[in-house]
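Residues per chain, in single letters:
There are 2 protein chains.
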Amino acid sequence: MDNRFNYEIAARDGRARAGIFHTPHGDLLTPLFAPVGTQATVKSVTPAQLKELHASLILANTYHLYLRPGDELIANLGGLHTFMHWDRPILTDSGGFQVFSLADNRKIDPDGVTFKSHIDGSTHRITPEKSIAIQENLGADIIMAFDECGSPYDFAKNEAAMERTHAWATRCVNAKTRSDQALFGIIQGGIYPQLRQRSAEYLTALDLPGYAIGGLSVGETKNETLSTLELVDTWLPEDKPRYLMGVGSPEDLITGVQRGVDIFDCVLPTRLARHHAAITRTGRLNLANAKYKSEKSPIDASCACYTCMNFSSAYIRHLILAQEILGATLLTIHNLYVLLSLMYDIRQAIIEGHFDQFAADFMKHWESAS
Amino acid sequence: MDNRFNYEIAARDGRARAGIFHTPHGDLLTPLFAPVGTQATVKSVTPAQLKELHASLILANTYHLYLRPGDELIANLGGLHTFMHWDRPILTDSGGFQVFSLADNRKIDPDGVTFKSHIDGSTHRITPEKSIAIQENLGADIIMAFDECGSPYDFAKNEAAMERTHAWATRCVNAKTRSDQALFGIIQGGIYPQLRQRSAEYLTALDLPGYAIGGLSVGETKNETLSTLELVDTWLPEDKPRYLMGVGSPEDLITGVQRGVDIFDCVLPTRLARHHAAITRTGRLNLANAKYKSEKSPIDASCACYTCMNFSSAYIRHLILAQEILGATLLTIHNLYVLLSLMYDIRQAIIEGHFDQFAADFMKHWESAS
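Those sequence lines, one after another, are chains Y and R.
If you want this note's numbering, it's the 1-based position in the first sequence plus 34.
If you want this note's numbering, it's the 1-based position in the second sequence plus 34.
I should point out that these hints are in silico values taken from the structure, not numbers from a laboratory.
Treat the hints loosely; a few may be bogus.
Chain copies aren't distinguished; within one or between two, either way the pair holds.
Straight-line Cα separation of at most 16 Å, EDC-like style, residue types lysine to aspartate or glutamate; simulated pairs [unchecked claim]:
id, residue 1, residue 2
1, 85, 154
2, 210, 163
3, 164, 145
4, 141, 235
5, 327, 106
6, 210, 273
7, 327, 401
8, 398, 285
9, 191, 42
10, 330, 106
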């Protein structure tokens, strides 16, 4: 394993960790939230605005970029960092999850997946080797092993998906040629402790620079998610970052960090913004609501983001009703700021040794509002 | 007239003028191009991005803001500057042009215009007094007299529209109560010199702080536009700014300045951006074109805007095909930069006394490319 992907733990508080993950495009301070830039853009903001928000890691989607504009094109243009003008770390997913959720006519076999593009119906095939080749063309700092995600309540299906995920993870390790990318494995096994343990042990034996916990937030209950996270935490090596995929509501970030998670990503803040919703530390607001018609206050008077420092809720509501792009942009800036600053505060609380109190205070406000 | 709206001429070169127009929200350096923020937002950019572009004056539309969110609401929220977070000068039009071009079932009479909203079909009436009341609620630095625009080739209709425009201008002067807004009159008369002269004389007698040239770019030939501008220039007072409404292609800015125009506005740069087109000093480019598929160069390698400094044409084409908002934002930033920096260069050329040479060079490149 390349030294440049060392993970150092700076502080612990219970199972929560504050760390530094070194990458070729700079150090990542964990725990962190990664905004999602599906098609090589975090929707409705510029890279300059993302930097003002102090975003560090962003995620881009292999499935989307493979189909359009094509990973070879991006490689010829200098790779994803140059293409989308982001000189900080990038993570790409393996394409697996989106092949299974977005593509048409997908057929899985032991070697890979054949599917039709959701854009133009053309036929494609992704294998573990192909996923790595695409991700090497894209050139992200963190790349993901090609995996299959089981359905939460079917033991046999979960076991089969997990076995396949293991075989594919080994093929990804063998296919990888670039030393400037960290390949993370993905632990599967649904809600079944014995499967999760086998998965953690198999992937840990591969000595990868980081591990993702897959197959969660796909239909299971919140208690099942949390108990799975707690178990997996005990089986994973301490000196590697843990990444919980597709999770990003404020309370899920808190409960994830409490269970040892270091990295999160989610479309929630950007998607909600395009659907008129603001995230705050006490809940969600729908800015299209008539009650904001004459509201002089910003979304959150205690928020220091560009949107809240400069614009009334009435103005944002006007932009939404008038279908102006600026409405989505201002809400995106606000929502990302809330999650990114929450992670900053979480990290500080861990370093200062009062994360449990911070989490308890947060949950008290969160629940009282909902 | 209020002293705060003095216009000083800093330099002349032929009929072109470089001036300073004082307003309550700062000095405007002329000639200038005003980006249009129809619904209290310049589409797809933030006020912070507009400031980075060194935009000075922006225009907002009375008709749109009266209908939604309502001028009284904006007044209660502190006026348009506060509402849209723009602390530099703003100009509002009178609403007349858009009542005639956008509203349904409009009926004009000597007292005003009755029409149905294009948003919800509700019935409304705007008179000169009402237009001023709306514009006083909005609180722009420059407000416009309510006018009727004739059709270019009908003498009788133009004469009638002009007479009505004059009567309405006098009513606007009498209706005005705020001293911190400059009311500009609008010269009508179509392509008919005798009408234009009567209009210039009538409005000049009102001793307004500025004059707009209306009823151009509405179907007449380019030669007719230019000869009308040349004539009107000779009849207008030297010490007042002249505003050519709705004009904004690079060659029209050059030919307008050559004929004494100081202020321009147009939706062209922002609208073209949302339709995939980039403006350059040598013509227009369609960034959706397949020839940009693998193009590493920016839109214009000689351009210093945020877009051209950081993004390839291939990336912008990708954003367009993927229907990403960032495509419109990056093209808007580029297009506004091209027009705003062109006006800056025009002003410098006037001050340095070589504007004719600058204009000739510009036209040579412009025509060779088209």
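We went through each hint and held it up to the structure:
Taking the closest pair of Cα atoms, residue 85 and residue 154 never come within 16 Å of each other, the shortest separation being 34 Å inside a single copy and 41 Å across copies. For the identical chains of this complex, residue 210 and residue 163 are intra-copy neighbours only, at 8 Å inside a copy versus 74 Å across copies, given an alpha-carbon limit of 16 Å. In this assembly of identical chains, residue 164 and residue 145 lie within 16 Å of each other by CA distance solely inside one copy; the values are 11 Å within and 73 Å between copies. For the homomeric pair residue 141 and residue 235, neither the shortest alpha-carbon distance inside one copy (28 Å) nor that between copies (79 Å) is at most 16 Å.
Taking the shortest Cα distances, residue 327 and residue 106 sit within 16 Å of each other only across copies (12 Å), while inside one copy they are farther apart (49 Å). Taking identical chains as interchangeable, the C-alpha atoms of residue 210 and residue 273 are never at most 16 Å apart, the minima being 22 Å within one chain and 72 Å between chains. For the homomeric pair residue 327 and residue 401, neither the shortest alpha-carbon distance inside one copy (27 Å) nor that between copies (50 Å) is at most 16 Å. For the identical chains of this complex, residue 398 and residue 285 are intra-copy neighbours only, at 11 Å inside a copy versus 62 Å across copies, given an alpha-carbon limit of 16 Å.
Within a single copy, residue 191 and residue 42 get their C-alpha atoms no closer than 36 Å, and across copies no closer than 80 Å, so neither meets the 16 Å cut-off. Taking the shortest Cα distances, residue 330 and residue 106 sit within 16 Å of each other only across copies (14 Å), while inside one copy they are farther apart (50 Å).
Violated hints, in rising order: 1, 4, 6, 7, 9; the structure is consistent with all others.
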